[in-house]
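Numbering (full-length UniProt numbering), first residue to last: 1 to 289.
No lab work stands behind these hints, which were simulated from the structure alone. Take these hints with a grain of salt, some might be off.
[To be verified] The calculated DSSO-like cross-link candidates involving lysine-lysine, where the alpha carbons are at most 30 Å apart (straight line), are:
id, residue 1, residue 2
1, Lys-55, Lys-96
2, Lys-78, Lys-96
3, Lys-161, Lys-240
4, Lys-78, Lys-55
5, Lys-55, Lys-287
6, Lys-287, Lys-78
7, Lys-96, Lys-240
8, Lys-55, Lys-240
9, Lys-287, Lys-161
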Amino acid sequence: MPTEAGARSAHLRDQVLERSADLILVSIIAHRQYAQLVSSVVWQDYMDLWGHFGKREARNRSGLPRLTAQAQARIIEKREIRAARAADIVTVTGWKDWEFLSQYSEANWLPTPLPDESFRTVDRVGTADQVAGFIGNFEYWPNRDAYRMLLDYWLPALRSKGWRIVVAGHHTEVLGTPPAGVTLMGSVDDVNDFYRQLNLSLAPIRLGGGMKVKVLESLARGIPVAGTSEALEGFSPEVKSLCIEWGESVDLRQLEDVHLIDPTSSALDPYRQSSFERTVEEILNGKFK
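Using the sequences and the hints given, assemble the complete structure.
Printed below as a string of C-alpha cells:
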C-alpha cells in the first residue's frame, strides 16, 4: 500500500536535484516528495485509488483486521486527495475513480489503452457448446477471490443451463482441482487462443480497484462480458451498457440476447492507443502552450 514515507533514497533525490526536468510524472504517492524538491510541473497519475482498494479489503475482513484496514484506507484516501490537489496535472485510469477525484481537482480521465489493431473480432473455434471464460494472474489474491466467487455463485446457474467454464492465466495451479464443468487452461502464449473458445467472458471481481483490462481485452475482440459492479465501475457508462452486470445472483435471462460486440463501436474509441496519445498531447499542450 502507498505511504508518505518517501524521499528516503539519497541516490534518487540527488538524481532529481541534478536534472532540470520541465515535467515530473509521479505514479506512486510516496514519490511525490521527490518532485517537491524542484520547481518542475508535477503530473500525478492514478492507475488505482488505493483508498478505495483498502475499503474493499476492509469489508472482506472481520474484527480488529477490519478496523485497522478501514483506518488505513481513510488515511490513504486523504493522501490521494491531497496529492491531487497539489499536482499541476492529474490523470486517472478508472471512470469511477476519475469521478471521485474530479471533486477535488481538475482531473483528466485517461483509461489504459490497447493497440488499435487489437480491436477486431476473433474467429471462434471448437464446438457449438456454450463456453464462458475467466482469465487472470492467480498469484494476485483478488483474482483468487474472483475464482471463488465464480465457483460459489455463478457456476451452479451457468452449469444448469449447459455452460462450460474455461479458466486461463498464470498460476492456475494454485486453484487446485476444478469442479465439474470447469477446465483450467493454465498460461496462454496468445490470449486470442483463450478468447477464440468463448461465447462469454466472466469478470466475477469483488476486490481490487481501477479499470479491469481483462474486460477491455474481451470487448476489443468482440466477446461480451458478464461482470460484477466492481469489475465494471472503471469503465464509462457507454462501455458498461455493452456488458451484463451480475452480483451473487445470476439472471440467466440476460444471456438469451447475448451477442457479439462490435469492436469498432464508438464506445470503445477512448480505449484505443491512438486516442490515448491524442489525450496526452492535449493535456501537455494545455499545460505548456
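Consistency of the hints with the structure:
no.: 1; hint: Lys-55 <-> Lys-96; verdict: holds, 14 Å
no.: 2; hint: Lys-78 <-> Lys-96; verdict: holds, 17 Å
no.: 3; hint: Lys-161 <-> Lys-240; verdict: holds, 25 Å
no.: 4; hint: Lys-78 <-> Lys-55; verdict: holds, 13 Å
no.: 5; hint: Lys-55 <-> Lys-287; verdict: violated, 34 Å
no.: 6; hint: Lys-287 <-> Lys-78; verdict: holds, 26 Å
no.: 7; hint: Lys-96 <-> Lys-240; verdict: holds, 12 Å
no.: 8; hint: Lys-55 <-> Lys-240; verdict: holds, 23 Å
no.: 9; hint: Lys-287 <-> Lys-161; verdict: violated, 55 Å
Comparing the model with each numbered hint stated earlier shows that hints 5 and 9 do not hold.
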